[in-house]
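Protein chains in written order, with the numbering used here: chain P, 1 to 153; chain Y, 1 to 153.
The set of hints was computed from the structure by calculation and includes no laboratory data.
Backbone N, C-alpha and C define an ideal beta-carbon position, used for all residues, glycine too.
Do not take every clue at face value.
[Claimed, not checked] Derived pair list, reagent style SDA-like, types lysine to any residue, alpha-carbon separation capped at 25 Å:
#  : chain 1 : residue 1 : chain 2 : residue 2
1  : P       : K46       : Y       : K122
2  : P       : K42       : Y       : V90
3  : Y       : K61       : P       : K122
4  : Y       : K96       : Y       : K61
5  : P       : K46       : P       : G92
6  : Y       : K42       : P       : Q102
7  : Y       : K46       : P       : T101
8  : Y       : K42       : P       : D105
9  : Y       : K61       : P       : M45
10 : Y       : K46       : P       : I38
11 : Y       : K61       : P       : G93
12 : P       : K42       : Y       : W100
13 : P       : K122      : P       : L83
14 : Y       : K62       : P       : L48
15 : Y       : K42       : P       : M59
[Stated by the list, open to error] Computed footprint of chain Y on chain P, listed as stretches where at least three residues anywhere in the stretch have a Cβ under 8 Å from a Cβ of chain Y:
#  : region
16 : 52 to 65
17 : 72 to 79
18 : 106 to 112
19 : 117 to 123
20 : 143 to 152
Protein chains: 2
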Amino acid sequence: MMEGFPMSRLSQFTAILAVAMLAVLPLTARAAEPADAIEYRKNIMKTLGAQGAALALIMQKKVPADNVAVHAQILATTATIALKAFEPKVEGGDAKPEIWTQWADFSKKMNEFAAGTAELAKAAQAGGLAAAQPKMQAALTCRGCHDTYRNQK
Amino acid sequence: MMEGFPMSRLSQFTAILAVAMLAVLPLTARAAEPADAIEYRKNIMKTLGAQGAALALIMQKKVPADNVAVHAQILATTATIALKAFEPKVEGGDAKPEIWTQWADFSKKMNEFAAGTAELAKAAQAGGLAAAQPKMQAALTCRGCHDTYRNQK
Chain P
1 MMEGFPMSRL
11 SQFTAILAVA
21 MLAVLPLTAR
31 AAEPADAIEY
41 RKNIMKTLGA
51 QGAALALIMQ
61 KKVPADNVAV
71 HAQILATTAT
81 IALKAFEPKV
91 EGGDAKPEIW
101 TQWADFSKKM
111 NEFAAGTAEL
121 AKAAQAGGLA
131 AAQPKMQAAL
141 TCRGCHDTYR
151 NQK
Chain Y
1 MMEGFPMSRL
11 SQFTAILAVA
21 MLAVLPLTAR
31 AAEPADAIEY
41 RKNIMKTLGA
51 QGAALALIMQ
61 KKVPADNVAV
71 HAQILATTAT
81 IALKAFEPKV
91 EGGDAKPEIW
101 TQWADFSKKM
111 NEFAAGTAEL
121 AKAAQAGGLA
131 AAQPKMQAAL
141 TCRGCHDTYR
151 NQK
């Protein structure tokens with residue numbers, strides 16, 4: 001037994017250091033990730049923005065309505081995964097810290113967005129533009145969230 | 001009968017002008033649209049870019065793979081409507097004129113892209129990341145088209 005020996009103290013210190021490093025390592029590994037998590041959720045929000053814009057062009061009769069149901073479906077599908085992309089508390093990008101300090105409200109709004117776009121997709125699938133039109137305003141709640149939770153550019 | 005009378009000539013001219021205007025009017029009506037047609041197809045390409053980027057982050061293990069099948073499905077669905085957005089010959093934006101002068105090749109490549117991403121979505125749906133990974137390269141043929149048909153930024 002080496003208890004009391006200086007080497008023992010060193011061994012203990014080494015052991016503690018090793019444990020401490022094990023505890024810290026995952027954090028270090030994560031330290032490379034914030035940019036990835038931000039890029040990932042930005043790609044989801046970009047998709048929502050692009051599909052919302054395509055739908056707006058259709059609703060304004062600026063382009064043919066042939067794909068109204070496809071766009072509504074893409075929007076609704078993307079909306080189902082949008083909230084999850086914000087679950088890791090990674091501040092930065094266009095996200096305001098309020099997303100995480102007011103998570104209950106943020107997630108409620110995101111779930112309502114998912115429900116509204118699902119309704120829109122269902123209507124567009126069943127009855128095309130005419131059926132989708134009255135659901136648009138209730139579905140595209142983008143601004144209700146962006147005003148509170150997105151940094152203005 | 002007024003043939004030979006100056007008024008007749010004028011009437012004929014008026015008639016020709018009216019027909020000419022009818023022929024021109026659709027073009028005039030279309031003249032407000034190019035920006036809309038370009039914005040519309042840009043939103044489709046943005047969606048493809050964003051979903052491709054999200055899939056790349058997943059494949060590189062930079063973010064969790066939970067939604068790999070969802071992203072692959074959005075990509076595949078969007079790919080089914082991408083070609084149609086280029087059917088109106090509206091030059092401008094990032095689109096090179098070669099899209100329309102080499103339409104047979106462009107549409108072949110776009111159809112292959114739709115087929116490849118459909119394969120990818122099917123694999124991801126059935127077997128998650130492990131099944132999707134080997135289909136990625138064959139599916140994401142973005143560059144094969146962009147090199148020829150998109151203006152470099």
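Taking the hints in turn, this is what the structure says about them:
no.: 1; hint: P/K46 to Y/K122; verdict: holds, 24 Å
no.: 2; hint: P/K42 to Y/V90; verdict: violated, 29 Å
no.: 3; hint: Y/K61 to P/K122; verdict: violated, 34 Å
no.: 4; hint: Y/K96 to Y/K61; verdict: violated, 35 Å
no.: 5; hint: P/K46 to P/G92; verdict: holds, 16 Å
no.: 6; hint: Y/K42 to P/Q102; verdict: violated, 34 Å
no.: 7; hint: Y/K46 to P/T101; verdict: violated, 31 Å
no.: 8; hint: Y/K42 to P/D105; verdict: violated, 33 Å
no.: 9; hint: Y/K61 to P/M45; verdict: holds, 20 Å
no.: 10; hint: Y/K46 to P/I38; verdict: holds, 17 Å
no.: 11; hint: Y/K61 to P/G93; verdict: holds, 20 Å
no.: 12; hint: P/K42 to Y/W100; verdict: violated, 32 Å
no.: 13; hint: P/K122 to P/L83; verdict: holds, 21 Å
no.: 14; hint: Y/K62 to P/L48; verdict: holds, 22 Å
no.: 15; hint: Y/K42 to P/M59; verdict: holds, 17 Å
no.: 16; hint: 52 to 65; verdict: holds (count 5)
no.: 17; hint: 72 to 79; verdict: holds (count 4)
no.: 18; hint: 106 to 112; verdict: violated (count 0)
no.: 19; hint: 117 to 123; verdict: violated (count 0)
no.: 20; hint: 143 to 152; verdict: violated (count 0)
Hint check: violations occur at hints 2, 3, 4, 6, 7, 8, 12, 18, 19 and 20; the rest are consistent with the structure.
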